[in-house]
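Turn these sequences into a full structure, and let the hints guide you.
The listed protein sequences correspond, in order, to chains E and D. Mapping of the first sequence onto UniProt numbering: position 160 corresponds to residue 160, and the numbering continues sequentially without gaps. Mapping of the second sequence onto UniProt numbering: position 4 corresponds to residue 4, and the numbering continues sequentially without gaps.
Calculated from the structure, these hints are not laboratory results. Certain hints may be false.
Simulated coverage check for chain D against chain E, where a stretch passes if three residues somewhere in it have a Cβ under 8 Å from a Cβ of chain E [said to hold, decoys possible]: (1) 105–118; (2) 129–135; (3) 139–147.
For glycine and all other residues, C-beta sits at the position ideal for the given N, C-alpha and C.
For reference, the chains in residue letters:
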Amino acid sequence: MSDSPASAGFPRRRLLTGTAGLALLLAGCTSGGSGAAAEETTAAQEDRLTAQVPVQEAVVAAYDAALAADPALGGTVPDLPGQAREQLERLRAAAPGATASSSSVPPGPPAGTDVRAWLRDQVSAAATAHAAACVEASGAGAALLGSLAAGLRGHAAALA
Amino acid sequence: MADDGTTASTEDAALGDVLAAEHAAVWGYGVVGAALPVDGRAPAAEGEQAHRDSRDRLSELLDGRDADPVPAAAGYRLPFPVLSAVDAAALAVVLEEGVSAAWVALLDSAGDAPVRQLAVDSLGAAEERAVTWRAAAGRTPVTTALPGLPGS
Numbered sequence: 001m002s003d004s005p006a007s008a009g010f011p012r013r014r015l016l017t018g019t020a021g022l023a024l025l026l027a028g029c030t031s032g033g034s035g036a037a038a039e040e041t042t043a044a045q046e047d048r049l050t051a052q053v054p055v056q057e058a059v060v061a062a063y064d065a066a067l068a069a070d071p072a073l074g075g076t077v078p079d080l081p082g083q084a085r086e087q088l089e090r091l092r093a094a095a096p097g098a099t100a101s102s103s104s105v106p107p108g109p110p111a112g113t114d115v116r117a118w119l120r121d122q123v124s125a126a127a128t129a130h131a132a133a134c135v136e137a138s139g140a141g142a143a144l145l146g147s148l149a150a151g152l153r154g155h156a157a158a159l160a
Numbered sequence: 001m002a003d004d005g006t007t008a009s010t011e012d013a014a015l016g017d018v019l020a021a022e023h024a025a026v027w028g029y030g031v032v033g034a035a036l037p038v039d040g041r042a043p044a045a046e047g048e049q050a051h052r053d054s055r056d057r058l059s060e061l062l063d064g065r066d067a068d069p070v071p072a073a074a075g076y077r078l079p080f081p082v083l084s085a086v087d088a089a090a091l092a093v094v095l096e097e098g099v100s101a102a103w104v105a106l107l108d109s110a111g112d113a114p115v116r117q118l119a120v121d122s123l124g125a126a127e128e129r130a131v132t133w134r135a136a137a138g139r140t141p142v143t144t145a146l147p148g149l150p151g152s
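Right, here's the structure in full:
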């Protein structure tokens, strides 16, 4: 198969430049300054992000509980707990008013349960919650929540 | 104007960027499938169909707004030679990550809740496919914390 001559413009850039191109494309997404929608980052917008912090805290706690219940699980998905924490840090950075909460932390997997399936359910539920919040948000907040939701859908796929 | 005051043109421009990415993905998946053994092409066919569906939906959406849908490019250039099943999986990762970036950019620009719903659903589906392809390409980790956002 031979390469076709690239046409000018977007598709060629997208295929050729990989992550560098993505970074350029999204340069404004986390700065809070892109697009008209991002400018409406108001207290309500920040409240939406703050409301999702306990959801993500619960994901981190679920990973901790699952690995405590089934240490071998950590060997099969070694990167996921750290990514869940990275997501939490990113969310907290966008919602500086959020404080750590213990009320949202779910109990660990019931004895005798399939720990991996239990963890997958926790992660999937959080992805759904972030996605719902994304739809109600706008601008950089919507971009972050949507990315969080997608990241957790990827986790659920990896846990399947 | 969109429902939260965002200008429709801003949203339409972002929709057009996603459409361009979907055109590229549809084309790219043809390359992915061709590089896979016949009995291993089902994931590529499913990915291609998903992107065709997204492309068609975006085109209809833009048509309904009297905005001209971006046509497919006359040609595309591969980012690297695709000579094996592993290369094909790596290309699929590039394609899915490319559309993910475009969907996230749309989320950043969208004023209409239904558009954000479309974007977040499509973004999640793209990341699920990307997980499968990263594994097939031998990449680790197979997941990413923040799909579509820079630096992730």
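Requested in this report: Count the residues of the stretch 105–118 of chain D whose CB lies closer than 8 Å to any CB of chain E, then report whether that count reaches three.
Outcome: holds (count 9)
* With a C-beta cutoff of 8 Å, work out whether three or more residues of the stretch 129–135 of chain D approach chain E closely enough for the coverage to hold. => holds (count 3)
Given that the stretch 139–147 of chain D was listed as covered by chain E, double-check it with a C-beta distance under 8 Å for 3 or more residues. With 8 residues close enough to chain E, the hint holds.
Violated hints are absent here; each numbered hint is respected by the structure.
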